[in-house]
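There are 2 protein chains.
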Amino acid sequence: MRVEYINPFLTSLSNAFSTMLGVEVERGQLHLKDGNHPVHEISGVIGLSGNAVGMVVLSFSKNVALKAASAMLMMEATEINADVIDAVGELANMVAGAAKSELEAYQLSISLPSVITGRDHEVRFPSNVKAISIPYETPWGEMTLEVGFTPAIELAQV
Amino acid sequence: MRVEYINPFLTSLSNAFSTMLGVEVERGQLHLKDGNHPVHEISGVIGLSGNAVGMVVLSFSKNVALKAASAMLMMEATEINADVIDAVGELANMVAGAAKSELEAYQLSISLPSVITGRDHEVRFPSNVKAISIPYETPWGEMTLEVGFTPAIELAQV
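Protein chains in written order, with the working numbering: chain P, 1 to 158; chain G, 159 to 316.
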């Protein structure tokens, strides 16, 4: 996966946090996802398809999920309930949706989100997909963005 | 979610198991997913989009994942490794891909799959999505298919 595909996702994540949640996030080092690092406790997952296929995973530590949901819902969330699940799915949706607009050459559309919970869960991509993983620090704790993205033209060459 | 949307997924799952893996699966009772039942240890997740948005989750007990991967790869898989992850993603891909052909009015395209591991993971859908959950018995153990599917016309009415 080429790093240029990832930039729209980085931008949309920062924008979603600053405009929707009123906080700035600090990006760590981009790296190829190696599949051996567990992600955080709650992950929003959303698919992309069109002239490319992709998958976006936005994974939050429990505290980040609770605080982000509290900011979105304007009420304090203290446990991972349906409102928090919805907020995490909506954040994944916003990040994928804004990135989609930046990647218009690929005529992407986005799927329903799903949200994974469970302390030890890991999200993996097929081994032929070179997914990118980016750790973030937020004022509330850790978060990770993972994106797999393959243009249809490369897919046809496999 | 209307039950008629689900039939293509049921058919494609049975067909994938009988043609690719050489086993028949027994379908249990369809029910609305209530979000409180953990799924099995390994889940393939794949998004659908077009004139509808959807998400398909195919969740396997460890033994079903290992045996299904062994049948696909024609070698014995004894642990959840990259080959098993790929096989689970490919099964989710096949089920979504075959169902897509049956639902051609929706001009669906399918995303990259991702695969979730972790004994206690749960996969949830946004609370406004009435996802359907279907338990299956296979000769190797338990499996669950979950599908959320919302036509764009209904989405516009929300």
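Treat the hints with care, since some could be wrong.
Okay, derived cross-link-like pairs now, SDA-like style, lysine to any residue, Cα gap no bigger than 20 Å in a straight line [claimed, not checked]:
| id | chain 1 | residue 1 | chain 2 | residue 2 |
| --- | --- | --- | --- | --- |
| 1 | G | 288 | P | 82 |
| 2 | G | 220 | P | 119 |
| 3 | P | 130 | G | 241 |
| 4 | P | 130 | G | 239 |
| 5 | G | 288 | P | 38 |
| 6 | G | 220 | P | 118 |
| 7 | P | 130 | G | 240 |
| 8 | P | 130 | G | 196 |
| 9 | G | 220 | G | 295 |
| 10 | G | 225 | G | 288 |
| 11 | P | 62 | G | 278 |
| 12 | P | 62 | G | 277 |
| 13 | G | 220 | P | 120 |
| 14 | P | 62 | G | 276 |
| 15 | G | 288 | P | 34 |
| 16 | G | 288 | P | 62 |
| 17 | P | 62 | G | 196 |
| 18 | G | 220 | P | 38 |
Calculated from the structure, these hints are not laboratory results. Please read all numbers here as calculations on a predicted model, not as lab measurements.
Of all the hints numbered above, which does this structure not satisfy? Sort the numbers upward. Of the numbered hints given earlier, those the structure breaks are 5, 8, 10, 15, 16, listed in rising order.
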